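Undergrad: Read off the chains here:
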Amino acid sequence: MTSVFGLWIYLSTTPLFWLTVTLLAWLAADALAKASGRHPVANAVLIAATIVGALVLGSETSYRTYFDGAQFIHFLLGPATVALGIPLYRNRALVLRNLVPMMAALLAGAAVSIGSALGIAAALGAPRDVLASLAPKSVTTPVAMAVSERLGGQPSLTAALVILTGILGAVMVTPLMNALRMTDFAARGFAAGLAAHGIGTARAFTVDSVAGTFAGIALGLNALVTAVLAPMVLGLF
Amino acid sequence: MVLGFAVLLVCQLVGEIASRGLGLPVPGPVLGLVLLVAGFAVWGRGRTDAEVAASPAARVGDGLLSNLGLLFVPAGVGVIQYGGLLKAQALALALALVGSTALTLAVTVLVFVGVSRLMGHRAADEAPDNRGDAA
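Protein sequence lines, in the order shown, are assigned to chains P and U.
Quick note, the first sequence lines up with residues -2 to 234 if you use this note's numbering.
Quick note, the second sequence lines up with residues 59 to 193 if you use this note's numbering.
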């Protein structure tokens, strides 16, 4: 019996184990999402993170130990962000044609994202540091954490809020767009990337490649605009 | 595959150096994205889009993008660390996230489509929604 326990001690601390668990959880979650016909609620990121999170918590593994294995996947976010340039180049004619609507939607969307989050949280009595942590919730994690820190927030709380916003946006976007009778996939994708950064973009790519392209553009542009706008909007509260 | 991956990493590395070196608010990978598009624009001159799509960088990049969701799983699992922080302000944060995300999605798409219509062009892939009436 000690050998089984010893084996677990070895396995649970090696990067190989948690890396494999993450990949298997993703394959299962993606198969489930596919089987549901890509139903918005059956979001593969949400399902996989829930499975792995439950295993990490249940086995009393520290997140640091888990991340020793998962960092190899996490690292690929950087080159994947660079790779968003590929569909952007491929659809450059369509992108150029939509430049003005994109800029207008960018400014309006970024202002509403920060302003409405702060307005709701402030009305419910959230303290100042929580507001500062919440302001950049729609942008990609590294930018959001840097903005939060500059505003006097807690960067680690921001990281969690960013991920939750991404999952919420990815789950909400399709039913909301259908309810609004929006059929322009460039506009739908742009909204997904602006409100829900990379997780919204991942969702957009599973729906339509043009939507994914515009989501990728919105993700990049909103990182820029929110870094400038968040301190100004927070100043109003 | 190695060449394609190297191209993406070089773009990211140069973007990272520029972002940190110049203290820009744009993260390195986003600058790397701009660099990659500029690179394709130069390299793609005189080449067809099919040739560009078959380039090593494009093939590796498409592979990464087709599994983009997977790359967010480690960060998603990270939320478990902040249970206490989130619980302290659970109601305010939950309503702020849900309300603000829905509002942001709606305003962004409506402004995009509204300005697009004001400019008089129907988006290329917009399907006519009154086909029934016309028939």
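Treat the hints loosely; a few may be bogus.
What the hints assert, rightly or not - Residues from chain U shown here face chain P by an in silico Cβ test under 10 Å; the list is partial: (1) Leu61; (2) Leu80; (3) Phe98; (4) Gly127; (5) Ala133; (6) Ala150; (7) Thr159; (8) Thr166; (9) Leu168.
To be verified - Taking beta-carbon pairs under 10 Å as the criterion, some of the chain P residues facing chain U (in silico): (10) Leu8; (11) Ala28; (12) Leu29; (13) Pro37; (14) Val38; (15) Thr78; (16) Arg89; (17) Ile117.
Stated by the list, open to error - Beta-carbon label-pair distances, calculated as ranges: (18) Val225/P x Glu74/U: 46 to 54 Å; (19) Ser153/P x Arg105/U: 41 to 49 Å; (20) Ala152/U x Asn175/P: 35 to 43 Å; (21) Ala32/P x Arg78/U: 29 to 37 Å; (22) Arg61/P x Trp101/U: 39 to 47 Å; (23) Glu146/P x Glu74/U: 13 to 21 Å; (24) Pro172/P x Gly178/U: 47 to 55 Å; (25) Glu74/U x Ala28/P: 31 to 39 Å; (26) Trp101/U x Ala176/P: 41 to 49 Å; (27) Lys145/U x Gln68/P: 21 to 29 Å.
If you are wondering where the hints come from, they were derived from the structure by calculation, not from laboratory data.
Everything numeric in this text was worked out from a predicted model, so none of it was measured.
Even for Gly, the Cβ is constructed at its ideal location relative to N, Cα and C.
Undergrad: Hint numbers the structure violates, sorted upward?
TA: 1, 2, 10, 11, 12, 13, 14, 18, 20, 21 and 24
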